[in-house]
Amino acid sequence: MQFLTFEFDRESEMREVARRLWEGLGVTGEIHIVPQPGGRWRLVVNSEKELRESTLKAFERYRVDAPPAGALEPPGAVSPGDDDAGGRDGE
152 MQFLTFEFDR ESEMREVARR LWEGLGVTGE IHIVPQPGGR WRLVVNSEKE
202 LRESTLKAFE RYRVDAPPAG ALEPPGAVSP GDDDAGGRDG E
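All you need for the working numbering is the position in the sequence shown, starting with 1, plus 151.
Just so you know, the hints here were simulated from the structure itself, not pulled from any lab data. Beta carbons: idealized from backbone N, C-alpha and C, even for Gly. What you were told as hints is all true, and nothing was included just to trick you.
Simulated restraints on C-beta separations:
no.: 1; residue 1: 215; residue 2: 173; range: 15 to 23 Å
no.: 2; residue 1: 189; residue 2: 152; range: 26 to 34 Å
no.: 3; residue 1: 167; residue 2: 200; range: 16 to 24 Å
no.: 4; residue 1: 164; residue 2: 202; range: 16 to 24 Å
Work the whole structure out from these sequences, hints included.
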């Protein structure tokens, strides 16, 4: 499994890259489209197929390391291991 994040100024660019990943490279898994403040777009890909770095070079101008915390989580979501998550018997 490979986790990739891309950011775009225009929705059309984002959709074209998503199409190229899905149809052109045969990426399977989860693809999330996340609108961002200021009209930007984020494409988050959890690929079942490991893509070579040489393949990803075609998209390097859009690629970012990782989405900000909570980008794919609903408001108030708790991550595993959070001290506030509670547990059995008051843990």
